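Student: Protein sequences, first through last, are from chains A and B. To get our numbering, take the position in the first sequence, counting from 1, and add 135. To get our numbering, take the position in the second sequence, counting from 1, and add 135.
Read the hints as simulated data drawn from the structure, not as lab findings. This structure is a prediction, so every number in the text was calculated from the model and none was measured. There could be a bad hint or two in this list.
The list treats identical chains as interchangeable, and a pair is accepted whether it falls inside one copy or across any two copies.
Taking lysine to aspartate or glutamate and the EDC-like style, the derived pairs with C-alpha atoms no more than 20 Å apart in a straight line are [stated by the list, open to error]:
hint, residue 1, residue 2
1, 187, 357
2, 261, 251
3, 187, 287
4, 340, 300
5, 162, 287
6, 261, 222
7, 343, 173
8, 343, 357
9, 340, 297
Protein chains: 2
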Amino acid sequence: MADNKAVIAVLGGTGHEGAGLAARWAKAGYRVVIGSRDAGRAADAAAEMAAKTGGDVRGLANADAAAAGEIVVLAVPYAGQKALANDVRAQLEGKILIDVTVPLVPPKVARVQLPEGGSAVEALQKDLGEGVRVVAAFQNVSAHQLADLDAEVNCDVLVAGDDIEARETVVQLARAIGITALHAGPLANSAAAEALTSVLIAINKRYKVADGAGIRITGIPDLA
Amino acid sequence: MADNKAVIAVLGGTGHEGAGLAARWAKAGYRVVIGSRDAGRAADAAAEMAAKTGGDVRGLANADAAAAGEIVVLAVPYAGQKALANDVRAQLEGKILIDVTVPLVPPKVARVQLPEGGSAVEALQKDLGEGVRVVAAFQNVSAHQLADLDAEVNCDVLVAGDDIEARETVVQLARAIGITALHAGPLANSAAAEALTSVLIAINKRYKVADGAGIRITGIPDLA
């Protein structure tokens, strides 16, 4: 099975959100490469993840991870998103880049503060150019829930992208780890998911949601 | 019961979304005033709504409706939002204004196109000044579902506002018509709900949802 599955590189794969996604893909039989600024740290995290999941996990410096991945996931804090993506631009050519970035602006992370012009990922796509197939997804999924590999994720994933085929690949990658994902329209529509994360943080505080609130889309005929 | 309930004026109350909300409040025992550009049209719609709901419904020109309402709802297309609110500014002083506006930009209504600076309602609050207690809500609720007064609305309402007491009033007004509403943070957080409407339109198209897709927030301890 795993032989037919794409190699997924997760840049920022030692962070909570990136590690949770990486571990779930590893467990599902994908070959996973964890990228980090520090190759040694990536290797350590990869060894631990391989033991935990029984999967095929390597750890490399971000640029090498981006080169090794057939599909690349960007899961770093907003402050580092642009610089890292530009650093590894050459390694992304022709590939699908799944951007998980939420434009949180500390300290007011429960307040929506989208960048001028709309969504953070649209600005990224402009920067990287059309040679990179940027898709936005997973911004609303609680890292806490991802970390427990057997726990159901109580959040639908809105998948936004201008490249419909790339978007469909990401929808399937989410479903492969048990997460319901939906085509949410063009990349510009990522603004909704990017903004929603701050709303969910506000809701977590107000309603004391320890595990992390999520969203479900209602009204859709069964997707199973 | 109805004597203790606020008078709710719905500007744009002859439109689909406004009429659906107005009818549900009328049915729940609130005194409702329908506002329209055309007082005659408002009166006709009010008579019809009173007959249908058994409620107390009047119809007036928008400015008179705004004057009569203790709480005012703005439910007009985005293109008319600012002008109407400014026209009736004097009648809004000290009141809660519930803005239902979604900044859709035809013809691409399935594409998120938030105004510069973020949410449409934040721009409105700036325009009207602090004397009006602006709260954003109901942007994601399908007018189709509102229209069937006995149908369950399959969508949680995100209520955003800087005035927390006003926000709580709106949360309760939603619950009074059987709709789950949640405190979603400051007015800026309305950007999420404003953007989500275009995503839901995109989902309605893609997944052929006739009744209108909605959202539910997951993970919150029972609100009932």
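Student: Look at each hint and say if it fits the structure.
Tutor: Going down the list of hints, with the structure as the test:
1. 187 with 357: Neither, since 33 Å and 34 Å both go past 20 Å.
2. 261 with 251: both (14 Å within a copy, 18 Å between copies)
3. 187 with 287: Close inside one copy (18 Å), not across copies (44 Å); limit 20 Å.
4. 340 with 300: Between copies only: 17 Å across chains, 37 Å inside a chain, cut-off 20 Å.
5. 162 with 287: Within one copy, since 14 Å is at most 20 Å while 40 Å is not.
6. 261 with 222: within (15 Å within a copy, 40 Å between copies)
7. 343 with 173: Result: close neither inside a copy nor across copies, 36 Å intra and 47 Å inter.
8. 343 with 357: between (31 Å within a copy, 12 Å between copies)
9. 340 with 297: Classified as between; 16 Å across copies, 34 Å inside a copy.
Violated hints for the displayed structure, listed by number in ascending order: 1 and 7.
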